[in-house]
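All chains should be built: construct the whole structure from the sequences, respecting the hints.
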Amino acid sequence: MGPTSASSRRAFWALLAAGGALVAVALGAAHYMEVHGHAVTGMNNQVVWGLPHVFAIFLIVAASGALNVASIGSVFGEAAYKPHSPLSVLLTVALLAGGLMVLVLDLGRPERLVVAATHYNFRSIFAWNMILYNGLFAICALYLWALLERRLGGYAKPLGLAAFAWRIILTTGTGSIFGFLVARQAYASGVIAPLFIALSLAWGLAAFHLAQCGLARLAGREPMDAGLHARVRRLLAIFVIAALYFVAVHHVTNLYWAKQAAFERFILVSGAPYPALFWGGYVVAGGLVPLALLLHPGLAGPRATAAASVLVSLGALAFLYVFIIGGQAYPLEIFPGYEVASAFHDGQVDGYAPSLPEFLLGLGGVAAAFVIALAGARALPVLPPDRVAVAAPK
Amino acid sequence: MNPVDQRRRDFLGKAAVAAGAMIAPGVILYDYAHAKAPGDPASPKVRWGMLIDTTKCASGCRDCVDACNRENGLPGSTRPTDSQWIRKVDLKDLKSGKAVSLPVMCQHCAEPPCVDVCPTGASFKREDGIVLVDRHTCIGCRYCMMACPYKARSFVHEPTTGQKPDVPRGKGCVESCTLCVHKVDRGGTPSCVEACAAAGHGAIVFGDLNDPASEISRRVRAATTTQLRADLRTDNGVRYQGL
Numbered sequence: 053m054g055p056t057s058a059s060s061r062r063a064f065w066a067l068l069a070a071g072g073a074l075v076a077v078a079l080g081a082a083h084y085m086e087v088h089g090h091a092v093t094g095m096n097n098q099v100v101w102g103l104p105h106v107f108a109i110f111l112i113v114a115a116s117g118a119l120n121v122a123s124i125g126s127v128f129g130e131a132a133y134k135p136h137s138p139l140s141v142l143l144t145v146a147l148l149a150g151g152l153m154v155l156v157l158d159l160g161r162p163e164r165l166v167v168a169a170t171h172y173n174f175r176s177i178f179a180w181n182m183i184l185y186n187g188l189f190a191i192c193a194l195y196l197w198a199l200l201e202r203r204l205g206g207y208a209k210p211l212g213l214a215a216f217a218w219r220i221i222l223t224t225g226t227g228s229i230f231g232f233l234v235a236r237q238a239y240a241s242g243v244i245a246p247l248f249i250a251l252s253l254a255w256g257l258a259a260f261h262l263a264q265c266g267l268a269r270l271a272g273r274e275p276m277d278a279g280l281h282a283r284v285r286r287l288l289a290i291f292v293i294a295a296l297y298f299v300a301v302h303h304v305t306n307l308y309w310a311k312q313a314a315f316e317r318f319i320l321v322s323g324a325p326y327p328a329l330f331w332g333g334y335v336v337a338g339g340l341v342p343l344a345l346l347l348h349p350g351l352a353g354p355r356a357t358a359a360a361s362v363l364v365s366l367g368a369l370a371f372l373y374v375f376i377i378g379g380q381a382y383p384l385e386i387f388p389g390y391e392v393a394s395a396f397h398d399g400q401v402d403g404y405a406p407s408l409p410e411f412l413l414g415l416g417g418v419a420a421a422f423v424i425a426l427a428g429a430r431a432l433p434v435l436p437p438d439r440v441a442v443a444a445p446k
Numbered sequence: 004m005n006p007v008d009q010r011r012r013d014f015l016g017k018a019a020v021a022a023g024a025m026i027a028p029g030v031i032l033y034d035y036a037h038a039k040a041p042g043d044p045a046s047p048k049v050r051w052g053m054l055i056d057t058t059k060c061a062s063g064c065r066d067c068v069d070a071c072n073r074e075n076g077l078p079g080s081t082r083p084t085d086s087q088w089i090r091k092v093d094l095k096d097l098k099s100g101k102a103v104s105l106p107v108m109c110q111h112c113a114e115p116p117c118v119d120v121c122p123t124g125a126s127f128k129r130e131d132g133i134v135l136v137d138r139h140t141c142i143g144c145r146y147c148m149m150a151c152p153y154k155a156r157s158f159v160h161e162p163t164t165g166q167k168p169d170v171p172r173g174k175g176c177v178e179s180c181t182l183c184v185h186k187v188d189r190g191g192t193p194s195c196v197e198a199c200a201a202a203g204h205g206a207i208v209f210g211d212l213n214d215p216a217s218e219i220s221r222r223v224r225a226a227t228t229t230q231l232r233a234d235l236r237t238d239n240g241v242r243y244q245g246l
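From first to last, the protein sequence lines stand for chains E and V. The first sequence runs 53 to 446 under our numbering. The second sequence runs 4 to 246 under our numbering.
In case anyone wonders, no lab produced these hints; they're calculated from the structure. Be aware that a few hints might be false.
Pairwise CB distance ranges, derived in the manner of DEER restraints [to be verified]:
| # | chain 1 | residue 1 | chain 2 | residue 2 | range |
| --- | --- | --- | --- | --- | --- |
| 1 | V | G205 | E | V243 | 43 to 49 angstroms |
| 2 | V | D137 | E | L340 | 47 to 53 angstroms |
| 3 | E | P325 | V | P162 | 28 to 34 angstroms |
| 4 | V | K101 | E | N186 | 52 to 58 angstroms |
| 5 | E | G187 | V | K101 | 50 to 56 angstroms |
| 6 | V | A201 | E | A313 | 42 to 48 angstroms |
| 7 | V | Q166 | E | R175 | 28 to 34 angstroms |
| 8 | V | Q166 | E | A169 | 24 to 30 angstroms |
| 9 | E | R175 | V | N213 | 20 to 26 angstroms |
| 10 | E | W331 | V | G100 | 48 to 54 angstroms |
| 11 | E | N186 | V | N213 | 40 to 46 angstroms |
| 12 | V | N213 | E | I290 | 55 to 61 angstroms |
So, partial list: chain E residues that the calculated Cβ filter (under 10 angstroms) puts toward chain V [what the hints assert, rightly or not]:
| # | residue |
| --- | --- |
| 13 | G160 |
| 14 | P162 |
| 15 | G389 |
Built from N, CA and C at the ideal position, the CB exists for glycine as well.
As structure tokens, then:
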């Protein structure tokens, strides 16, 4: 990145320290949860995955999508994107590392990570995902090397192709963590895998745009060439629409099945706070408002795109909160046609309330991604060396 | 073939017959007596199961639940974070108003979703159909709890106290009904079954579903029984009558 002035150097170190402090707080929160057990979180035997999983899945899905820019350059041959490929790959590594940090530190036995690395049940999509996550790290490391080292430039295209295929499979795997849950009304659907791919395209491109603008500003450069910005802006709008489409298909399919009607009513209408988060947080604030910002001809500047990217990211968290926590809060239907009561909360909606340590752990994952991206951009020449004029889309 | 090879073959053949004759009675006896010798693997010829007669199960009765808690060293409290390996569920038919009470625990499926999803293989099914969690390889990811159709699993949310030597438990791991495997392997029956019988209810029958002569097999043949979420085809070891 090469900060150009003393003030930008100070800003770099201040941001790095702030990010590092948040990571340290997250490690402290994880230690607190480890010592006292998950009783100090809002999670329980009904909502077994809570706020940390919202952050972790967001980061992992966004990591896959952050590769968009590199893929468009290396795989689809769009030269305008190529100068931005290194940052795209670095951001994938950073977001994936942040997400995995949260996922691992939320385990009941995080110290048994070596067990997870040495015992594989190949019928489990979770086990496959561990291989896919580690594989993406390896491919991205080689890909970044090929992008930055001119002598290895010939390997960039095949490695870019490998990374593209790998991350599509990886996000299919992440969606299938939920899609394969045969017994749960909220999940158990083949559409969740392509839905997650569509979400990853939007969330990852939003993350890339924010990282590109932020790092360029820190380096005292223009955020992005105007022509390329116009393309990214339009692409983000298309990805947001694609994600909304798959979310709509998922819910409309459920609404068609009588057995899913009660669950859909809960998520979309009556089960506070989930309907408000879904409609207000995801559909309006995370979908329609960003679309207006991205498509309105009068808002063509990078600031409007950055605002849209922030909203897409916040909408992502709202979507995942509804998807992951709302999906578990609704009671598992073991006895269809019966009114159910028990001391184990059968038949009852769970009142999950996230605790501070959970939130701090999740936020720490975002901070870890931020720190890795910031330090990586400082150590490696991932920002485009010169301004490249790009033709705006017709 | 030279004469030495022929003699060697004859010897090996006779030795195999003799070894078979020596082992056979033991194998047959093993089939009759289900008590497992320490160190012996679980037999795939056995399928342990339970039949719960809901017509004999009274609402408000917790004899099976209390016995399970005592046997397995569970605290017995019912906060959302507390482990409950077996719970009483009260049902009311929404159309007819018919009320039913029944215990629900791990259904010991032949096709257990918890085993499929476990990344490390900590969730496993023994050859005799008992579904367990290996406390040494469970990483506490809770994916099995997401996958279980019966809400049968609990996560240990706090440090444990009052553990029983036969029933290891630990903070950060997932656990569920073991069908009192420590008793079954010694020829006994699960504590919930014993407590229900001792109280005179006799609502739970335990036995080998693969043994046509066992009481559970005879009852399952004679009466209409139900498996919870039968639509999932998980082939449960726990069957319900009168549901």
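Violated constraints from the hint list, given by number and in increasing order = Of the numbered hints given earlier, the structure breaks just one, which is hint 10.
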